[in-house]
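Could you build all of it, start to finish, from the sequences and the hints given here?
So the sequence lines, in the order shown, correspond to chains A and B.
Using UniProt numbering, you'd call the opening residue of the first sequence number 1 and step up by one each time.
Using UniProt numbering, you'd call the opening residue of the second sequence number 1 and step up by one each time.
These are calculated hints, taken from the structure and not from any lab test.
Just to be clear, a hint being listed does not mean it is correct.
Straight-line C-alpha distance at most 25 angstroms; calculated DMTMM-like pairs for lysine to aspartate or glutamate [unchecked claim]:
id : chain 1 : residue 1 : chain 2 : residue 2
1  : A       : Lys364    : A       : Glu164
2  : A       : Lys364    : B       : Asp379
3  : B       : Lys364    : B       : Glu164
4  : A       : Lys364    : A       : Asp379
5  : B       : Lys364    : B       : Asp138
6  : B       : Lys364    : A       : Asp138
7  : B       : Lys364    : B       : Asp290
8  : A       : Lys364    : A       : Asp119
9  : B       : Lys364    : B       : Asp379
10 : A       : Lys364    : B       : Asp138
11 : A       : Lys364    : A       : Glu240
12 : B       : Lys364    : A       : Asp137
Each pair of labels, with its calculated beta carbon distance range [what the hints assert, rightly or not]:
id : chain 1 : residue 1 : chain 2 : residue 2 : range
13 : A       : Arg372    : B       : Arg132    : 24 to 34 angstroms
14 : A       : Arg452    : B       : Asp290    : 50 to 60 angstroms
15 : A       : Gly68     : B       : Arg217    : 28 to 38 angstroms
16 : A       : Pro170    : B       : Ala235    : 47 to 57 angstroms
17 : B       : Val269    : A       : His274    : 25 to 35 angstroms
18 : A       : Arg372    : B       : Gly165    : 48 to 58 angstroms
19 : B       : Leu387    : A       : Arg363    : 51 to 61 angstroms
20 : A       : Gly68     : B       : Ala273    : 35 to 45 angstroms
21 : A       : His274    : B       : Arg54     : 23 to 33 angstroms
22 : A       : Gln435    : B       : Pro225    : 58 to 68 angstroms
23 : B       : Gly59     : A       : Asp229    : 31 to 41 angstroms
Backbone N, C-alpha and C define an ideal beta-carbon position, used for all residues, glycine too.
Protein chains: 2
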Amino acid sequence: MAGGDDTRTGAVMATIRRKIASRSLAAGDRLPSIRQFAATMGVSPSTVVEAYDRLAAEGLIRARRGAGFFVAGGAVPPLPLAETAPRRDRAVDPLWVSRQSLDADAATLKPGCGWLPADWMPTAAIRSALRRLARHDDAVLADYGTTGGSMTLRRVLLGRLAAEGLEVGPEQMLLTGSGTQAIDLVCRFLLRPGETVLIDDPCYFNFQALLRAHGARVVGVPYGPTGPDPAAFEAVVAAERPRLYITNAALHNPTGATLSPQTAHRLLVTAAAHDLTIVEDDIFCDFEPDLSPRLASLDGLQRVVRIGSFSKTLSASVRCGYIAARPDWIEALVDLQVATNFGGPSPMAAELIAGVLAAGGYRKHLEELRRRLARARRDTAARLAPLGIRPWLMPRGGFYLWCELPPGHDSAALARRALESQVVLAPGNVFSVSQTAGSFVRFNVAQSSDPRILDTLRRVLAEAA
Amino acid sequence: MAGGDDTRTGAVMATIRRKIASRSLAAGDRLPSIRQFAATMGVSPSTVVEAYDRLAAEGLIRARRGAGFFVAGGAVPPLPLAETAPRRDRAVDPLWVSRQSLDADAATLKPGCGWLPADWMPTAAIRSALRRLARHDDAVLADYGTTGGSMTLRRVLLGRLAAEGLEVGPEQMLLTGSGTQAIDLVCRFLLRPGETVLIDDPCYFNFQALLRAHGARVVGVPYGPTGPDPAAFEAVVAAERPRLYITNAALHNPTGATLSPQTAHRLLVTAAAHDLTIVEDDIFCDFEPDLSPRLASLDGLQRVVRIGSFSKTLSASVRCGYIAARPDWIEALVDLQVATNFGGPSPMAAELIAGVLAAGGYRKHLEELRRRLARARRDTAARLAPLGIRPWLMPRGGFYLWCELPPGHDSAALARRALESQVVLAPGNVFSVSQTAGSFVRFNVAQSSDPRILDTLRRVLAEAA
Numbered sequence: 001m002a003g004g005d006d007t008r009t010g011a012v013m014a015t016i017r018r019k020i021a022s023r024s025l026a027a028g029d030r031l032p033s034i035r036q037f038a039a040t041m042g043v044s045p046s047t048v049v050e051a052y053d054r055l056a057a058e059g060l061i062r063a064r065r066g067a068g069f070f071v072a073g074g075a076v077p078p079l080p081l082a083e084t085a086p087r088r089d090r091a092v093d094p095l096w097v098s099r100q101s102l103d104a105d106a107a108t109l110k111p112g113c114g115w116l117p118a119d120w121m122p123t124a125a126i127r128s129a130l131r132r133l134a135r136h137d138d139a140v141l142a143d144y145g146t147t148g149g150s151m152t153l154r155r156v157l158l159g160r161l162a163a164e165g166l167e168v169g170p171e172q173m174l175l176t177g178s179g180t181q182a183i184d185l186v187c188r189f190l191l192r193p194g195e196t197v198l199i200d201d202p203c204y205f206n207f208q209a210l211l212r213a214h215g216a217r218v219v220g221v222p223y224g225p226t227g228p229d230p231a232a233f234e235a236v237v238a239a240e241r242p243r244l245y246i247t248n249a250a251l252h253n254p255t256g257a258t259l260s261p262q263t264a265h266r267l268l269v270t271a272a273a274h275d276l277t278i279v280e281d282d283i284f285c286d287f288e289p290d291l292s293p294r295l296a297s298l299d300g301l302q303r304v305v306r307i308g309s310f311s312k313t314l315s316a317s318v319r320c321g322y323i324a325a326r327p328d329w330i331e332a333l334v335d336l337q338v339a340t341n342f343g344g345p346s347p348m349a350a351e352l353i354a355g356v357l358a359a360g361g362y363r364k365h366l367e368e369l370r371r372r373l374a375r376a377r378r379d380t381a382a383r384l385a386p387l388g389i390r391p392w393l394m395p396r397g398g399f400y401l402w403c404e405l406p407p408g409h410d411s412a413a414l415a416r417r418a419l420e421s422q423v424v425l426a427p428g429n430v431f432s433v434s435q436t437a438g439s440f441v442r443f444n445v446a447q448s449s450d451p452r453i454l455d456t457l458r459r460v461l462a463e464a465a
Numbered sequence: 001m002a003g004g005d006d007t008r009t010g011a012v013m014a015t016i017r018r019k020i021a022s023r024s025l026a027a028g029d030r031l032p033s034i035r036q037f038a039a040t041m042g043v044s045p046s047t048v049v050e051a052y053d054r055l056a057a058e059g060l061i062r063a064r065r066g067a068g069f070f071v072a073g074g075a076v077p078p079l080p081l082a083e084t085a086p087r088r089d090r091a092v093d094p095l096w097v098s099r100q101s102l103d104a105d106a107a108t109l110k111p112g113c114g115w116l117p118a119d120w121m122p123t124a125a126i127r128s129a130l131r132r133l134a135r136h137d138d139a140v141l142a143d144y145g146t147t148g149g150s151m152t153l154r155r156v157l158l159g160r161l162a163a164e165g166l167e168v169g170p171e172q173m174l175l176t177g178s179g180t181q182a183i184d185l186v187c188r189f190l191l192r193p194g195e196t197v198l199i200d201d202p203c204y205f206n207f208q209a210l211l212r213a214h215g216a217r218v219v220g221v222p223y224g225p226t227g228p229d230p231a232a233f234e235a236v237v238a239a240e241r242p243r244l245y246i247t248n249a250a251l252h253n254p255t256g257a258t259l260s261p262q263t264a265h266r267l268l269v270t271a272a273a274h275d276l277t278i279v280e281d282d283i284f285c286d287f288e289p290d291l292s293p294r295l296a297s298l299d300g301l302q303r304v305v306r307i308g309s310f311s312k313t314l315s316a317s318v319r320c321g322y323i324a325a326r327p328d329w330i331e332a333l334v335d336l337q338v339a340t341n342f343g344g345p346s347p348m349a350a351e352l353i354a355g356v357l358a359a360g361g362y363r364k365h366l367e368e369l370r371r372r373l374a375r376a377r378r379d380t381a382a383r384l385a386p387l388g389i390r391p392w393l394m395p396r397g398g399f400y401l402w403c404e405l406p407p408g409h410d411s412a413a414l415a416r417r418a419l420e421s422q423v424v425l426a427p428g429n430v431f432s433v434s435q436t437a438g439s440f441v442r443f444n445v446a447q448s449s450d451p452r453i454l455d456t457l458r459r460v461l462a463e464a465a
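Take a look at the structure:
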């Protein structure tokens, strides 16, 4: 066998080993099909066959006749020292977009990433808040803070909830280290390994990565222009009895769609009938031009847990999220957060956020951001149209356009090619648990104006044709 | 039954419910004995019997003849809305000290807490660092940062490791949201529910709380003046086959003891013979007057994972920790941290810490802190001596004194009484997995000078005599 083939086989083996070690594949899980994995790794099917065979010989995976390969049971062996896969060889999985865009160098363009450019953020207000913080009490600068998190910030957030018609007290609000950590904490509290979780198809890719880390079984419900299809939702909830449903409020990631009042009500009726808890992630709510239905407000936080953070409109560097939920759940979540993080966010971070949110400038910043994004959505759609790339719908707000490719293209293959030209795309299947979104790409309109992106798209589409 | 009894029964039931909901008791776990739980809750044994019987009638727990009560299997029911236990009724368990001291009001004294007073911390340096941060790039103020964490801070930390004789590269260093989160992440990576973890007896109480959240089985090894007893360590490792051993380096919490070179070497030989991974938490290392043996340096990060943070000597408000480990493990931990937290600490927090650590003032701050703590250790020991409360040993550094009470006293009972006078103590058994440290109390010498503490101790000792 040639050296090059051996290297590629090694890379496939290393990727599978890492997936097992990091629990994105658990004992008993089916490995990706040969054909599919060859496509996402950019290697030939025979390379994947060779890699799977060697891993099976080592006992790490098992073949089942006619059914594919599965992760073997037993203790997970530590990774051999030398087999860390190079970054570019990663499979296009739910962690691919995060890793490629978070670790991209300055020359790399990121139309696939999930955040605004730093100069679109309210950095002047952050600078003022830092200077105010420098004059704050010693305790805020040096102590752990209380287990529920800064009462100043909790009150600001409770005021925002009240403005949506949800009146709750500070005992129903917990600050966390991030929005993702908020969902992680709720999953640790409510989920046991092997339990089923329902997610939208498509949905934010990191929900899948997170649920894998919890050993959850994940099922999807098709997401349409007004939310998940209510009949499909009821059928899947009745059949699969999920413990949790995790979804976005306001502006759905990746589609930008908005829940209708009728769908919201029907989801809650179904949830009540089957004792389903709903985690509603409100991370994009500040991008909305006007208030859309919130499951948390309709339900009054009985069976809905509301999650949020400030990473998209204020700063992703100031790590802080929150959970609004039943008071008895909050009390138990506090214990769990002390055990696993010795508390929540930095008291300094909480003060900083409270300061920026309470200042009058934040509302103006949001208005300007909404206008700027409306323009960017139109401009991006207009630039993509000549390539035959079309939005599935035109969102009311936010920075995502969920776009369909011209017929016959696979977005994972395009994303691998584009990465060679230092362009990180967000290919459709990383958002889809049923792997049915391979003809879609999610564009971040605030990160898509560089002409090199269009040039790269044009070239990789032509090469693949 | 009188109303008061009913309330107390309800409080005991609520505490058990919360322990189950928050996983500090898992399915199959034995409940605390009637006698022991009555003592920690400050109620009569008959109240606990009544509470256990009612919970058994509900199916939440089961009695086994002659063996006590156990948590029933099956799905964990959500907590009923009204049964949140009042804060003061909490059982004296491994989360008790954390919750009581983190949420203490300004009038409460905290000789049991695990941190220095805010005015002992380098707040002037933090204020300068915040002002510098206010002039930093937009990217540091607004972006997520790279998945491994600030390269500036990683390089500073690698320099400190090199000074201890451990030369590794940035691919062996990952920044995390806190020191606790670093251990949590390592446990998520290496542990599976039901696996066994070895801890020191006594050890930092939150290790127990954390391991409960992971569904781990916890076993202890007696900790002596030069580290765990090597023969006992070898015997328990051979018999119990733990996956992990979690311990402190430098200055052991709660005893203040220091590992000897002979013990360090023998632990590593035993670990190698039984394929045991060691997590070494270095959180108190900056308090050392001179360098003591480090398992991580001796082993070269082959089977030792080193953990640290800046909460004790720099600021607990700037949330940041780190993991130094094998490069392939770091790579998998990065995936896991993205999945569960979408990255590590705030880039701002990392820059702030790097700034304070690199400035010349930090070394001076540490020297002053060591002198001040040496005095406080002597003074606290002198004040406690007339009460018959004596240090188990005089530590080389740090802020803890592990003290034995006069004969016949139970520290959990004293801690409950002291809390009524707004004094939070750290009673011995919360540190002891074998529950054999009931005659010990851990004092934080930097938080023990208020005369009200001595008065309260004198009174509760007299009342209990």
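Evaluation of the provided hints:
1. Restraint check for Lys364(A) and Glu164(A): satisfied, since their Cα atoms lie roughly 19 angstroms apart, inside the 25 angstroms limit.
2. Between Lys364(A) and Asp379(B) the CA atoms are separated by roughly 56 angstroms; this puts the pair beyond 25 angstroms, and the hint is violated.
3. Between the alpha carbons of Lys364(B) and Glu164(B) the distance comes to roughly 19 angstroms, so the proposed pair stays at or under 25 angstroms and holds.
4. Restraint check: the Cα-Cα separation between Lys364(A) and Asp379(A) comes to about 23 angstroms, which is no more than 25 angstroms; the hinted pair holds.
5. With a C-alpha separation of about 32 angstroms, the suggested pair Lys364(B) and Asp138(B) falls outside the 25 angstroms cut-off, and the hint is violated.
6. About 19 angstroms separates the Cα atoms of Lys364(B) and Asp138(A), which keeps this hinted pair within 25 angstroms; it holds.
7. Distance check on the hinted pair: Lys364(B) and Asp290(B) sit about 15 angstroms apart at the alpha-carbon level, within 25 angstroms; holds.
8. At roughly 16 angstroms between alpha-carbon atoms, Lys364(A) and Asp119(A) fall within 25 angstroms of each other, so this suggested pair holds.
9. Between the alpha carbons of Lys364(B) and Asp379(B) the distance comes to roughly 23 angstroms, so the proposed pair stays at or under 25 angstroms and holds.
10. Between the alpha carbons of Lys364(A) and Asp138(B) the distance comes to roughly 19 angstroms, so the proposed pair stays at or under 25 angstroms and holds.
11. A distance of roughly 45 angstroms separates the Cα atoms of Lys364(A) and Glu240(A); the hinted pair therefore is violated under the 25 angstroms criterion.
12. Annotation: proposed proximity of Lys364(B) to Asp137(A) holds, straight-line Cα distance about 22 angstroms (limit 25 angstroms).
13. Checked against the given bound of 24 to 34 angstroms, the beta carbons of Arg372(A) and Arg132(B), roughly 30 angstroms apart, stay inside it.
14. Judged by the Cβ atoms, the range 50 to 60 angstroms given for Arg452(A) and Asp290(B) holds: they are separated by roughly 56 angstroms.
15. Separated by about 34 angstroms at the C-beta atoms, Gly68(A) and Arg217(B) satisfy the suggested range of 28 to 38 angstroms.
16. At roughly 50 angstroms, the beta-carbon separation of Pro170(A) and Ala235(B) lies within the given 47 to 57 angstroms, and the hint holds.
17. Under the hint 25 to 35 angstroms, the C-beta atoms of Val269(B) and His274(A), about 56 angstroms apart, miss the expected range.
18. Between Arg372(A) and Gly165(B), the C-beta spacing of about 53 angstroms keeps the proposed range 48 to 58 angstroms intact.
19. The hinted window of 51 to 61 angstroms between Leu387(B) and Arg363(A) holds, with their beta carbons roughly 59 angstroms apart.
20. Checked against the hint of 35 to 45 angstroms, the pair Gly68(A) and Ala273(B) passes, with Cβ atoms roughly 39 angstroms apart.
21. The beta-carbon spacing between His274(A) and Arg54(B), approximately 28 angstroms, falls within the hinted interval of 23 to 33 angstroms.
22. Taking 58 to 68 angstroms as the suggested C-beta distance range, the pair Gln435(A) and Pro225(B) conforms, at roughly 59 angstroms.
23. At roughly 37 angstroms, the beta-carbon separation of Gly59(B) and Asp229(A) lies within the given 31 to 41 angstroms, and the hint holds.
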